[in-house]
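Peer 1: Can you join these two chains into the complex? Each is in its own frame, and there are hints to help.
So you can see what is in the structure, the chains are spelled out below.
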Amino acid sequence: MTCLRTEGITKEFPGVLALDQVDFELAKGEIHALVGENGAGKSTLVKVLAGVYKPSSGRIFVNEAEVSFASPRDAAPYIGVVHQERELVPFYSGTANLFLGQEMNKAGFLSKREMRAKALEFMKRYDLDLDMDSPVSLLGSGMQEMLTILKILFRSPDIVIFDEPTAPLSVKECEVLFRLIRDLKAAGTSIIYISHHLPEVLDLADRITVLRNGKIVATVDKASVSEAEIIKLMIAKDLSQQYPKIELEPGQEVISVESQAEPGGRARKSGFSIRAKEIVGFAGLVGSGRSELAKRIFEGGPEGRYKVNLAGIPFAPKSPKHAIANGIVMIPEDRRGEGLITSFDVGANLALPRLSLLSKFGFRQEKRIRQRSGQIIGDLAIKVFSQNQIVSTLSGGNQQKVSLGKWFDADAKLWIFDEPTQGIDVETKSEIYLIMQRLASRGAGIWFISSDLRELEAIADRILVMHEGEIVGKFARPFQTEKILEAMLGNQKNEEVHA
Amino acid sequence: MNVNKLLTRYGTVAALCLLFLLFSIGVQGFFDYGNIINILTQIALLMIIAQGFTMVLTVGELDLSFANVASLSSVIVAGLIIKGVNPILAILICLAGGVLFGLVNGTLVTKVGIPSLITTLATGIVANGLIYMYTKGVSFYSGLPKGFLYLGRGRIGPIPVLVLIMLGILAICHIFINKTVVGSNLQATGGNPAAARLAGINTRFYKVLGLVLGSFAAALAGILLTSRLGAANPEGAGGFLMEGFAIVLLGQTVFTVGRPSPIGTFVGALIIGVLNNGLTLLGAEYFVQDIVKGLIIILAVVISSIQSKRMGA
Numbered sequence: 001m002t003c004l005r006t007e008g009i010t011k012e013f014p015g016v017l018a019l020d021q022v023d024f025e026l027a028k029g030e031i032h033a034l035v036g037e038n039g040a041g042k043s044t045l046v047k048v049l050a051g052v053y054k055p056s057s058g059r060i061f062v063n064e065a066e067v068s069f070a071s072p073r074d075a076a077p078y079i080g081v082v083h084q085e086r087e088l089v090p091f092y093s094g095t096a097n098l099f100l101g102q103e104m105n106k107a108g109f110l111s112k113r114e115m116r117a118k119a120l121e122f123m124k125r126y127d128l129d130l131d132m133d134s135p136v137s138l139l140g141s142g143m144q145e146m147l148t149i150l151k152i153l154f155r156s157p158d159i160v161i162f163d164e165p166t167a168p169l170s171v172k173e174c175e176v177l178f179r180l181i182r183d184l185k186a187a188g189t190s191i192i193y194i195s196h197h198l199p200e201v202l203d204l205a206d207r208i209t210v211l212r213n214g215k216i217v218a219t220v221d222k223a224s225v226s227e228a229e230i231i232k233l234m235i236a237k238d239l240s241q242q243y244p245k246i247e248l249e250p251g252q253e254v255i256s257v258e259s260q261a262e263p264g265g266r267a268r269k270s271g272f273s274i275r276a277k278e279i280v281g282f283a284g285l286v287g288s289g290r291s292e293l294a295k296r297i298f299e300g301g302p303e304g305r306y307k308v309n310l311a312g313i314p315f316a317p318k319s320p321k322h323a324i325a326n327g328i329v330m331i332p333e334d335r336r337g338e339g340l341i342t343s344f345d346v347g348a349n350l351a352l353p354r355l356s357l358l359s360k361f362g363f364r365q366e367k368r369i370r371q372r373s374g375q376i377i378g379d380l381a382i383k384v385f386s387q388n389q390i391v392s393t394l395s396g397g398n399q400q401k402v403s404l405g406k407w408f409d410a411d412a413k414l415w416i417f418d419e420p421t422q423g424i425d426v427e428t429k430s431e432i433y434l435i436m437q438r439l440a441s442r443g444a445g446i447w448f449i450s451s452d453l454r455e456l457e458a459i460a461d462r463i464l465v466m467h468e469g470e471i472v473g474k475f476a477r478p479f480q481t482e483k484i485l486e487a488m489l490g491n492q493k494n495e496e497v498h499a
Numbered sequence: 500m501n502v503n504k505l506l507t508r509y510g511t512v513a514a515l516c517l518l519f520l521l522f523s524i525g526v527q528g529f530f531d532y533g534n535i536i537n538i539l540t541q542i543a544l545l546m547i548i549a550q551g552f553t554m555v556l557t558v559g560e561l562d563l564s565f566a567n568v569a570s571l572s573s574v575i576v577a578g579l580i581i582k583g584v585n586p587i588l589a590i591l592i593c594l595a596g597g598v599l600f601g602l603v604n605g606t607l608v609t610k611v612g613i614p615s616l617i618t619t620l621a622t623g624i625v626a627n628g629l630i631y632m633y634t635k636g637v638s639f640y641s642g643l644p645k646g647f648l649y650l651g652r653g654r655i656g657p658i659p660v661l662v663l664i665m666l667g668i669l670a671i672c673h674i675f676i677n678k679t680v681v682g683s684n685l686q687a688t689g690g691n692p693a694a695a696r697l698a699g700i701n702t703r704f705y706k707v708l709g710l711v712l713g714s715f716a717a718a719l720a721g722i723l724l725t726s727r728l729g730a731a732n733p734e735g736a737g738g739f740l741m742e743g744f745a746i747v748l749l750g751q752t753v754f755t756v757g758r759p760s761p762i763g764t765f766v767g768a769l770i771i772g773v774l775n776n777g778l779t780l781l782g783a784e785y786f787v788q789d790i791v792k793g794l795i796i797i798l799a800v801v802i803s804s805i806q807s808k809r810m811g812a
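From first to last, the protein sequence lines stand for chains A and B.
Position 460 of the first sequence, counted from 1, bears residue number 460 in this note's numbering, the numbering being contiguous throughout.
Position 183 of the second sequence, counted from 1, bears residue number 682 in this note's numbering, the numbering being contiguous throughout.
Keep in mind the hints are simulated off the structure, nothing from the lab.
Be aware that a few hints might be false.
[As the list claims (entries may be wrong)] What follows is a set of in silico ranges between Cβ atoms, one per label pair, in the way DEER data are often shown:
{"id": "1", "chain 1": "A", "residue 1": "N309", "chain 2": "B", "residue 2": "I797", "range": "55 to 65 Å"}
{"id": "2", "chain 1": "A", "residue 1": "P90", "chain 2": "B", "residue 2": "G782", "range": "52 to 62 Å"}
{"id": "3", "chain 1": "B", "residue 1": "V611", "chain 2": "A", "residue 2": "F91", "range": "49 to 59 Å"}
{"id": "4", "chain 1": "B", "residue 1": "I797", "chain 2": "A", "residue 2": "R125", "range": "46 to 56 Å"}
[To be verified] A few chain B residues that don't get close to chain A, going by computed Cβ distances all over 12 Å:
{"id": "5", "residue": "I587"}
{"id": "6", "residue": "I674"}
{"id": "7", "residue": "N684"}
{"id": "8", "residue": "L740"}
{"id": "9", "residue": "V800"}
Ideal Cβ positions, reconstructed from N, Cα and C, are used throughout, including at glycine.
The following block holds chain B by itself, in its conformation from the complex (with noise of 0.2 Å):
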């Protein structure tokens, strides 16, 4: 293998192991069981919404509205469970909305055929009006059992539960991409939706597929969140848009260059996490990071487009 496919390839890896050297070296503090495995809790929920995003970009669409989603369900797990709903159920309630907004999402661009640029985009909004609706645009903020709250904050030995949760999860989408047949039939859907439909695919079916993971993912993470904070309020979930795409954009640069991968997903939110983490160690300031981070996704994305058009040449 050549310097440039190795770079196209590994670039993206190979910029998280720079970045990891450097704050370890320059940042005290930073290199300390402590701190890692306090990156991995900060990008946990991140991971876990965004390996839903994966799978939607895997079958060539788009989502808009997961981070509504994930507010939505952030509230309305907190909200069943302080009426006194059993928590095993609400969560479960939670998880089924999910399921059934992803299911609306589908229907919308598979058999009505509106681009889902547009679907997600009007159903977040819808989304946003259902958590108004539902809390007032108050925040719940007591009143959670302690077993609730195990998810987001217990740990299991020296291991956050979360930290596992996201282990878990990612090991989970991995194999499923990978191993099974419904993975390699979502990333035919996505890698040419004709040829796979003329090789016998249901795409449509899959396309719906791939838009019930990343709601399903997006309600999960809603549920965690809450847990995590003790709390949930109408716009908990609303950073995770942006994040949510950029960490997505920056793993379609690692390994299989310009497509979604749960691996590369996972390690653009450690870039994220370790930047993040660093540089507020640092004590940089907030808008030093944003900006930080927005020349760093530019610059992992330039690469690669460069590397890759180049390979194509």
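Looking at chain A on its own, in the form it has when it is part of the complex (with noise of 0.2 Å):
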């Protein structure tokens, strides 16, 4: 018996389609997994369905009754989600959480025993071990997830959305989370399940469907399919179309950190350098102090442990101005919030940093700005109605060219990029990967910060890794992937390099 369906899910973005045509079915009780590329259009999916966005067109089914959410408060009674962020009231405890909302009361006034009681009663019915008393903030982020699992729960929904819940769990964790979404099931309730990680949904699905830009490729049975198999609907193309190489001779270094050892002990002496032509990966956890390491360089700060040198001569970072002048630029992680003037149009940010050579006297010379802002636009294939176009509609993977485009003119040495692909689609991302494979060829340095392992794999000539700050692993190619994540981990403490 079908208890969720859609037909023809549609969901368009100002130059994007995220959702195309999509009709998906979940059966009473089974455990559905969503897999796919990031930008594949498995969120988008979610958000729909749980009301947060409106599609562009489609219905939407729930018990063979159409539904419409106008927001995620018309979607809560019939699907509960796990998001990855979690939605607990951090100075509240377990139980006040648990109740929120709908705390039991006498003419007003909470009921607070009856409340903890019947909270450690539905907590031990799942056979949990949480701590419902203490404020939430002060519990690890795996208690805070169970927590907010089990809120969920509490409004006994008939469908549940598990996106990414394993992300922040330990493995004893994991445990207690299948146990549980097994539990659930056998109660009858329909579970949609998203995760990266291809073990676990095929441990744990009965059917599994892939989605690919947007589109449903198809939907198996566990018991019919391989991961391989899997792998290969997720990826349209081949790999080597996907993640386009170029070889090159790397030439003179642009740029070497060292940092010198803590007095203290816990920090050793490390460095690497990048030379022209080169593509240097950086892999660690997220807060594993990659993009802390990069901003020190480009921002500046207190004086620290590092010593830089561009190109031999010795560089003390003071601000982005500084740094911009000494031939490095930065593409920032937060496209909105850090790359892109978003109330500006495309061309004007397309000239932000060099505005004062296209102009005379102080005055901006709109012509010579205007071209020069088509031709970067021609030469990036940014896909865009007119230069005017406020940069704020433009989809993603075009709002990233226009951050990185602005440093066209800038004639840098060393391109710092930080997770330029993240949140872009498949198509984007190959030509991201060319652009920077172009500026290493003419004479560059890539510093290429990702927590996508395939694709710095992919790309990257050697790959640094990085924990809690430091720079933990060294590795060349061939990449041996296992090594990589150990070290991701800080399994790894002797930095040396694999080959």
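Peer 2: And the structure:
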């Protein structure tokens, strides 16, 4: 029996078709996994189902009755969503969070004792052991995640969506979560499960739906499919097309960074360098200090442990302006927040750093600005109606092209890319890789931070792994994925070169 | 362009035209050369001071001190001239004082890191203290030379000097913001300080510059106020604070919704000027004028925020 069905769901954002005629079906009491690459449309579909986005067209049926969700509040009675971001009141206890919005009371006074008893009982039902009395902000992230899930189950929706639930969990907590999901299924709840981690998906799901570029490619039974087959469905092109790689002979050293040993002894002396025509990947977990290190070099900061040389000449980072003058540019991770002036149009954003070069006596020379911006738009194949289009209306990939295109005349020796392909469609990703390599072939060094190990291994010439602010591993081609992953987790303390 | 976009961009201008039309038809003596010049003269000082505030908002800061700076400049220019200082020198001293005041605001905001709302609230109070220290609470009302009064009261042909100054400042501000590198960087700084900084723009400098221009315009308006009235009193420019805010907010609903612009501020000033004048001619009592003005501002902002939300969705 079908408990949730979509018919021709389409969601359009300016310049991007995020969902294209999606017919999805969830049977009662099944665990249905959604897989696909970043930007395939998984989270957009979840947001449509949860009432966060209104679909551009298409219909949603719950138990064969058509529904229309104008807001998450409308969807909540039918569908509970465990998001990546937690929705707990930090200074409330677990119990208070559980009852949030539906507190038990007598004549308006909270019945705290009853609520606590009921919360504990509910927790026991799922065989969990959580601290329900302390403010949740004092609990670990795994415990918070479990509480979030408990809070959603407490509202007993018929359908629960788990969106990458295992990301913040330890191995042991994952096992608890899987058990809980199976219990839910046994109790007749229908589950949509989203994860990047395919072994997990194959272990848990009954059926698997693969999304690619906003379309459903296939829905398969778990029994009839292997991991390799799923990967094949997820990626349209073969790898060499998706990750175009141009081999280049590295030239002179562009930058060298040396960090001094800390007197206390926790951090050891370490260092690295990037050469011209070389792409150096920076791998690491979230919070491993990759962006911070790059920002230190580009933005400056208090006198630190780092000694930087640019082409052999000592360089003391001061400000972005100073770094740019010395041939360093950075494309920040947060495109909208740091890479673009979203209220400006495309042409003005592209001209931003070199406005004074395109002016006479302080007056902007509009014709020259528009002409040069037009060339960059053509060069990078940025999809716009006109230069006067406000940059916030562009798709993520085109925004990224504008964010990096503004540096095309900066004559930079070192380009720092911080997560340049995050949230970008597959097609544009390949274009960005090509742009990076084109820059390298012109003699620039590329500092490439990414959380996507697959793209790092495909595009980078060398990979440096960071953990807790330190460089803990250096890897050369051919890369050994397991060793890199170990280093990312901090399991490898000696910094050695693996070839 | 669809109706929504048209309404968003030109709604405020349309409202101004509508008001103008209604008053022209319904109110005797409104549509008359003398009266229209009168309206322009009435809004001139407010428009000049509000152009400064527009610059402050452009860099994403606030200024609560500009009215007090204007009053301070107003009494000091009067005091100096009456004491026998050359009027041109007195004017320059006051303008320099305005710049200095803006530098203090800017330094406190960018170097010390106090939010501009609090900084300028405090420095505004200090300015008020300085006014009373200088005047002992007494007004200056005689002994200003004719040449100085010409600025505020004179005419070139049929047009008051004050109106010409206002239009000149409007033109300068418009060109400055839209055609120069500095103006563009001011907008980038207000639009997204983090991105502007990472693009190599010295955002601190531009924030200071915005605040300096705000105080400079206030000092200029104070000087012109004294010239127009032929007198200066400690609270002379006090009313500019609320009205200045109001017209810049109204101005933010013009053309580029949600962003301040010199032309927008001018349109805002015209709306307030036309309303004041028309209602006075109608014989409405002063409190009716305030109520109507307040409601119109709310209405304009509500309409534009609904429109811009709809555009975003």
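Peer 1: None of the hints should be skipped; say for each whether it holds.
Peer 2: Hint by hint, here is what the structure shows:
One distance hint, 55 to 65 Å for the beta-carbon pair N309 (chain A) and I797 (chain B), holds here, with the actual separation near 60 Å. For P90 (chain A) and G782 (chain B), the Cβ-Cβ distance of about 59 Å falls inside the hinted range of 52 to 62 Å, so the restraint holds. For V611 (chain B) and F91 (chain A), the Cβ-Cβ distance of about 31 Å falls outside the hinted range of 49 to 59 Å, so the restraint is violated. In this structure the hint that I797 (chain B) and R125 (chain A) lie 46 to 56 Å apart at CB holds, the actual value being about 53 Å.
Interface exclusion of I587 (chain B) from chain A stands, the closest Cβ pair being 27 Å apart, more than 12 Å. Listed as outside the interface, I674 (chain B) is inconsistent with that label: its C-beta sits roughly 8 Å from the nearest C-beta of chain A, within the 12 Å cut-off. The Cβ of N684 (chain B) sits about 7 Å from the closest Cβ of chain A, inside the 12 Å cut-off, so the non-interface label is violated. Distance check on L740 (chain B): its Cβ is at least 27 Å (rounded) from any Cβ of chain A, clearing the 12 Å threshold; non-interface status holds.
Look at V800 (chain B): its CB is around 18 Å from the nearest CB on chain A, clear of 12 Å, so calling it non-interface holds up.
Going down the numbered hints, you'll see the structure goes against 3, 6, 7, while the others check out.
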